[in-house]
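Student: This is what each chain is made of:
There are 2 protein chains.
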Amino acid sequence: MEKQEFPSFNDIRFAAVRIKSFIHNTPILTSSAINELAGCELFFKCENFQKVGAFKARGAANSVMKLSDEQKKKGVATHSSGNHAAALARAASVAGIPSYIVMPSNAPEIKKKAVKGYGGKIIECKPTLKARETNLEKVVNETGATFIPPYDYMDVIEGQATCALEFLEAQDNLEVLMAPVGGGGLLGGTALLSHYWDPEIEVYGAEPKGADDAYQSFKAGRLIPQTNPNTIADGLLTSLGELNFEIIQKYVKDILLASDDEIVSAMRLIYERMKIIIEPSCAVPLAALLANKSKFQGKKVGIILSGGNVDLEKLPF
Amino acid sequence: MEKQEFPSFNDIRFAAVRIKSFIHNTPILTSSAINELAGCELFFKCENFQKVGAFKARGAANSVMKLSDEQKKKGVATHSSGNHAAALARAASVAGIPSYIVMPSNAPEIKKKAVKGYGGKIIECKPTLKARETNLEKVVNETGATFIPPYDYMDVIEGQATCALEFLEAQDNLEVLMAPVGGGGLLGGTALLSHYWDPEIEVYGAEPKGADDAYQSFKAGRLIPQTNPNTIADGLLTSLGELNFEIIQKYVKDILLASDDEIVSAMRLIYERMKIIIEPSCAVPLAALLANKSKFQGKKVGIILSGGNVDLEKLPF
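Just so you know, the sequences run in chain order A and B.
Per the working numbering, the first sequence runs over residues 1 to 317.
Per the working numbering, the second sequence runs over residues 1001 to 1317.
Same shape as in the complex, but just chain A (with noise of 0.2 Å):
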């Protein structure tokens, strides 16, 4: 395959207009008692309020809108169980198009129901990758539609980038941005951004120690897929994507991890003092801060909350 040049500064700021009226800009909130607690200033961007209650929302809606008329017509598609399958399947439907959505016959009925309401087309297959590619590659065939990876794919990284964007055109002067990595959209998209905004921003990815893939791949410089994952971040289990690798081994200063009692710790926290709802997965950048303090003491650092979409009655607390 052809080299593919990563997202130009302009390219993400044509995203955000392009993506503009389909997204929310995420508000950004602040705990006086959390400063306290790490000794350093924080601001959080809360894409836990963003549309289907994740950054997801971003590259999905970007990649919808960036199709031609004629792609447009045939739809999209994608497997997914996770916030990716609803956030597809919603840009689909504001777009006026079809969406094709794979999913593991064991997915959780409210994530099938959430593509259901979007009005995405769920295709149930067997909970192994084999039966998701083979199956997303049938209903491509057959439907001519074009497939959205969650991550591992430009327009996606591009409209993730967005997130960053914003931060930075809302809150002067940060420091430091952190964000989660699973498949690296998120983060990928947040170091491209802040390297174009400001090459001093250092940019930090968070990972639960049980799924540390990106962490042993950044400190190899080689791609290591996980295996195994285990860890209550269940948005965190994926392996790294090869662009967005290449991404963080490039503008990614480190990757810090955080234990599950960590994650837990810091998912309270937050839902004690800031009075807001997150899943396991978007504690992780919290945890990692309070676990590594000394790096960040007196800084003013950013951090991207990514979506709050949790089981209300198995809240680890």
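Some hints here could point you the wrong way.
[What the hints assert, rightly or not] Below, in silico cross-link-like pairs of lysine-lysine (DSS-like), each with a Cα-Cα straight-line distance of 27 Å or less: (1) B:Lys1073 <-> B:Lys1121; (2) B:Lys1314 <-> A:Lys111; (3) A:Lys20 <-> B:Lys1299; (4) A:Lys113 <-> B:Lys1293; (5) A:Lys74 <-> A:Lys126; (6) B:Lys1300 <-> A:Lys20; (7) A:Lys314 <-> B:Lys1111; (8) A:Lys209 <-> A:Lys250; (9) A:Lys300 <-> B:Lys1020; (10) B:Lys1074 <-> B:Lys1138; (11) B:Lys1020 <-> B:Lys1116; (12) A:Lys314 <-> B:Lys1314; (13) A:Lys209 <-> A:Lys293; (14) A:Lys293 <-> B:Lys1113; (15) B:Lys1020 <-> A:Lys299; (16) B:Lys1116 <-> B:Lys1138.
[Claimed, not checked] Ranges of calculated distance between the beta carbons of each label pair, as one might list FRET restraints: (17) B:Asn1025 <-> A:Gly144: 47 to 57 Å; (18) B:Lys1253 <-> A:Asp254: 54 to 64 Å; (19) A:Lys130 <-> B:Leu1037: 36 to 46 Å; (20) B:Lys1253 <-> A:Pro199: 54 to 64 Å; (21) A:Leu312 <-> B:Lys1130: 34 to 44 Å; (22) A:Gln171 <-> B:Asp1069: 30 to 40 Å; (23) A:Gly119 <-> B:Ile1110: 38 to 48 Å; (24) B:Glu1070 <-> A:Gly39: 30 to 40 Å; (25) B:Lys1253 <-> A:Gly144: 51 to 61 Å; (26) A:Glu137 <-> B:Ile1110: 48 to 58 Å; (27) A:Glu36 <-> B:Pro1127: 27 to 37 Å.
Read the hints as simulated data drawn from the structure, not as lab findings.
The C-beta atom is built at its ideal place from N, Cα and C for all residues, glycine as well.
Chain A is fixed; fit chain B onto it per the hints.
Tutor: Using the frame of chain A, we list chain B on its own:
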């Protein structure tokens, strides 16, 4: 007692300036999913994000900052087991003056901890109103501290009114404002300010069916004290205050009721759709609105979300 004047529009505007640096100008959030369900356009003023997690920070700050230097030296006192206790201790701490909080011995540990955290001096007493009043009188006599009541007090009402002022300044064309009613500090302040801003704005109180003394009083045209309240909305158990009733009679259009089932459903809706944490009392206006949809069809409705202090281990879902 001499008849007291209600705060004027200018009094409330001065109060907003007085407390500006001690409180948050809280954000306003919306949810298209809840709008669709309600059949009207809703705007939520998030006082759950306020200092001490509730609007009570406003009235306490205003009351403390209005004291003379002489009064300040001797500090402030109150009896409370709820948000007013923490709010007053915090306001005193910010002003650098002592606070004496009479609390029943059975008050939750977490409430005592909050008061202590702000440097408040706790005086424990038996859990009866008599014991609370006797102990408060004793403290006031011994220290010369000024008693700041939780709601039936002009400076507190004036402070709570700043919430509606911020709301109407930030959000154009609101036709309806709704607030929960317990003692009536928030509803009284909201009704007063709305009247000054634009008498066409309809102000509704919302009350749990299991503690409906404001509703009963409003209908009867005389103050009927609350007896044996029984509701999940534990911030609204108290009886309406006298000053508060006077304002409410004059400037509130109606008081609407919600059952505990309706309150829990509305609370869950806000958690799931808006991704924010609120206490049960805070869900009462949305619950009452959804139980009376036809009154609000197509209107622009502002709801004050009063607070977010809830025990996460005891959520009703």
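Student: What are the numbers of the hints that this structure violates, sorted from low to high?
Tutor: none
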